[in-house]
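**Student:** Using the sequences provided together with the hints, build the complete structure.
Residue numbers (my numbering): 1 to 549.
Derived by calculation from the structure, the hints in this document are not laboratory data. Incorrect hints may have been included.
Derived lysine-lysine pairs resembling DSBU-like cross-links, with alpha carbons at most 30 Å apart [said to hold, decoys possible]:
1. Lys86 to Lys76
2. Lys271 to Lys501
3. Lys467 to Lys529
4. Lys303 to Lys467
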Amino acid sequence: MPLRTRRDFGRAFVAVAAGGAMVACQANPFAQGSDDQPLRTFLWNFDTLDPAFTTGALEAEYVVHLFSGLTSLNEKLEVVPDLAEKWTVSNDGRIYTFSLRRGAKFHDGRAITASDVKFSIERAADPRLASPVALTYLGDIQGFAARMSGQAAEVSGIKVRDDITIDITLDEPRVYFPAKLTYPVSYVVDKQNVGSRPDWWLKPNGSGPFSVAGFAPGERLSLVRHDAYVGVKPSLVGVEYLAVPPVEAYERDVIDIAVVDLADIDRVTDKSDPLNRELRVRTDLDIQYVAMNVTAKPFDDPKVRQAFNHALDRDRIATVTLKRTVIKADGILPPAMPGKSDRVRGLDFDVSRARQLVSESSYRDARNFPEISLTVMGTRTAPAPEVNAIIATYRQSLGVDVRVRQLDRDAFMAATQRDRDRPQMFMTGWIADYADPQNFLDILFHSRSRENMSRYANPDIDRDLEKARAERDPAVRTKLYQDIEARILQDAPWVPLWHNKRYILVKPWVQGYTAPSVVQPWLKSVSLKGRPALATPTAPTPTTTARRA
Numbered sequence: 001m002p003l004r005t006r007r008d009f010g011r012a013f014v015a016v017a018a019g020g021a022m023v024a025c026q027a028n029p030f031a032q033g034s035d036d037q038p039l040r041t042f043l044w045n046f047d048t049l050d051p052a053f054t055t056g057a058l059e060a061e062y063v064v065h066l067f068s069g070l071t072s073l074n075e076k077l078e079v080v081p082d083l084a085e086k087w088t089v090s091n092d093g094r095i096y097t098f099s100l101r102r103g104a105k106f107h108d109g110r111a112i113t114a115s116d117v118k119f120s121i122e123r124a125a126d127p128r129l130a131s132p133v134a135l136t137y138l139g140d141i142q143g144f145a146a147r148m149s150g151q152a153a154e155v156s157g158i159k160v161r162d163d164i165t166i167d168i169t170l171d172e173p174r175v176y177f178p179a180k181l182t183y184p185v186s187y188v189v190d191k192q193n194v195g196s197r198p199d200w201w202l203k204p205n206g207s208g209p210f211s212v213a214g215f216a217p218g219e220r221l222s223l224v225r226h227d228a229y230v231g232v233k234p235s236l237v238g239v240e241y242l243a244v245p246p247v248e249a250y251e252r253d254v255i256d257i258a259v260v261d262l263a264d265i266d267r268v269t270d271k272s273d274p275l276n277r278e279l280r281v282r283t284d285l286d287i288q289y290v291a292m293n294v295t296a297k298p299f300d301d302p303k304v305r306q307a308f309n310h311a312l313d314r315d316r317i318a319t320v321t322l323k324r325t326v327i328k329a330d331g332i333l334p335p336a337m338p339g340k341s342d343r344v345r346g347l348d349f350d351v352s353r354a355r356q357l358v359s360e361s362s363y364r365d366a367r368n369f370p371e372i373s374l375t376v377m378g379t380r381t382a383p384a385p386e387v388n389a390i391i392a393t394y395r396q397s398l399g400v401d402v403r404v405r406q407l408d409r410d411a412f413m414a415a416t417q418r419d420r421d422r423p424q425m426f427m428t429g430w431i432a433d434y435a436d437p438q439n440f441l442d443i444l445f446h447s448r449s450r451e452n453m454s455r456y457a458n459p460d461i462d463r464d465l466e467k468a469r470a471e472r473d474p475a476v477r478t479k480l481y482q483d484i485e486a487r488i489l490q491d492a493p494w495v496p497l498w499h500n501k502r503y504i505l506v507k508p509w510v511q512g513y514t515a516p517s518v519v520q521p522w523l524k525s526v527s528l529k530g531r532p533a534l535a536t537p538t539a540p541t542p543t544t545t546a547r548r549a
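**Tutor:** Right, here's the structure in full:
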């Protein structure tokens with residue numbers, strides 16, 4: 001799923017407006033002084049809790065705990081049953097038959113049936129809803145695209161056999177289809193709840209391991225354990241997300257877990273600092289990159305794209321500008337992705353080669369390039385340091401002055417999805433939805449994929465991606481993806497930048513925290529042991545304006 005710019009992950013404040021007015025539930029549902037208190041952490045900035053509109057990692061952090069789908073990811077990033085107890089696949093690989101767990105219930109106690117699964121998937125396909133992610137993750141289902149385009153009243157590939165059994169038929173075999181169902185857009189929602197009001201998601205009747213107990217915009221989001229959850233039941237009584245400065249609040253024992261922003265990296269990595277003993281470091285299963293619009297000048301010439309790869313000193317930006325909080329990307333797939341080969345490498349820093357490629361291109365000289373702009377997501381008074389470093393490197397290596405254009409999140413996503421006036425270059429990222437190369441290579445580079453924002457198109461790559469979709473031999477499929485990645489890197493529609501490292505402070509009394517590298521319901525495995533009474537959080541200092549719900 002798309003990442004926001006990496007520096008946004010350190011922002012812990014949120015103010016949400018619903019229908020033009022601030023909406024709040026009970027502010028604090030947990031009794032003060034109770035021995036069984038919730039985990040406390042900081043509040044991510046989110047736009048919605050509607051699974052059909054979960055387009056980024058920040059919203060997904062909440063949605064995967066409030067809702068459930070047929071399948072889920074475990075701590076090893078394996079696809080496991082969730083609301084489904086089991087499933088079978090037809091001999092031709094097209095029909096998946098799911099059997100629901102008996103006793104699965106919504107938060108209000110109503111039993112979840114196969115009809116609820118059908119409703120939820122067909123809701124995601126409703127053209128009036130216009131889900132931005134539904135076709136990417138559910139478009140393999142027979143008749144789904146026809147429903148999204150308004151050509152059909154229902155999705156023909158979904159058949160309810162009985163209350164606990166449902167058939168999902170695909171248009172072609174897809175060996176990774178159960179993994180796609182771990183993405184929130186397919187999660188089960190309650191028909192009556194979603195039809196109750198436009199901002200129904202502020203108090204959702206979900207099916208996940210936690211439910212919303214209170215929401216005070218700009219202050220806190222409180223979740224409580226769903227005791228009727230049929231999967232692995234959480235040990236935590238609940239979770240409180242608080243709008244507080246993370247590291248400062250962590251030091252005052254206001255919160256138990258904090259993600260460290262760039263400003264505090266030097267301090268927490270200093271072994272003489274007490275915080276260093278409570279530091280966890282993980283590498284995300286992600287990629288940050290600069291996409292080049294291959295239909296726009298000068299990036300319509302592959303030699304120019306290759307030159308922009310060779311001209312960027314990513315090692316220096318990673319080590320100096322970003323203080324080793326990232327790992328330079330040598331390719332597209334993250335290092336821990338199954339099937340990733342160390343032999344598949346992109347175009348590394350080589351100024352002489354970059355200048356030679358420009359001279360060999362149809363433009364002959366960088367002075368013949370049109371004006372070039374780099375579009376980034378942000379609203380700061382000045383671009384982030386890593387953006388300035390990229391601009392400075394291109395000026396030094398190629399003599400090219402790249403203008404920076406900042407857009408807020410909604411405007412950025414709209415611009416990168418438009419065919420007309422699509423930005424020449426833009427900096428964005430992607431975090432794995434599931435641990436399969438298809439989630440990067442097919443979704444981001446197939447010419448007909450909605451998420452292929454560089455408009456890269458190679459018929460041979462398309463053919464091999466389609467072949468890999470149905471390949472059941474893991475070794476053959478892995479080799480296909482390795483060859484595909486190597487060829488895409490040579491075509492150079494991207495400049496792969498880096499993989500993010502996450503620096504996380506965790507109190508000693510937090511047990512079972514595994515620092516997952518992708519979004520998955522990690523709170524189910526966490527417990528508190530020997531925790532002292534925590535400080536009472538003070539009111540946060542407002543740092544953001546209200547966002548559209």
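**Student:** Look at each hint and say if it fits the structure.
**Tutor:** Comparing the hints with the structure gives:
For the suggested pair Lys86 and Lys76, the alpha carbons sit about 19 Å apart, so the restraint of at most 30 Å is met. Distance check on the hinted pair: Lys271 and Lys501 sit about 18 Å apart at the alpha-carbon level, within 30 Å; holds. At most 30 Å may separate the alpha-carbon atoms for a hinted pair to count; Lys467 and Lys529 exceed this at roughly 50 Å. For the hint pairing Lys303 with Lys467, the CA-to-CA distance comes to about 28 Å; that is within 30 Å, so the pair holds.
In this structure, the one hint that does not hold is number 3.
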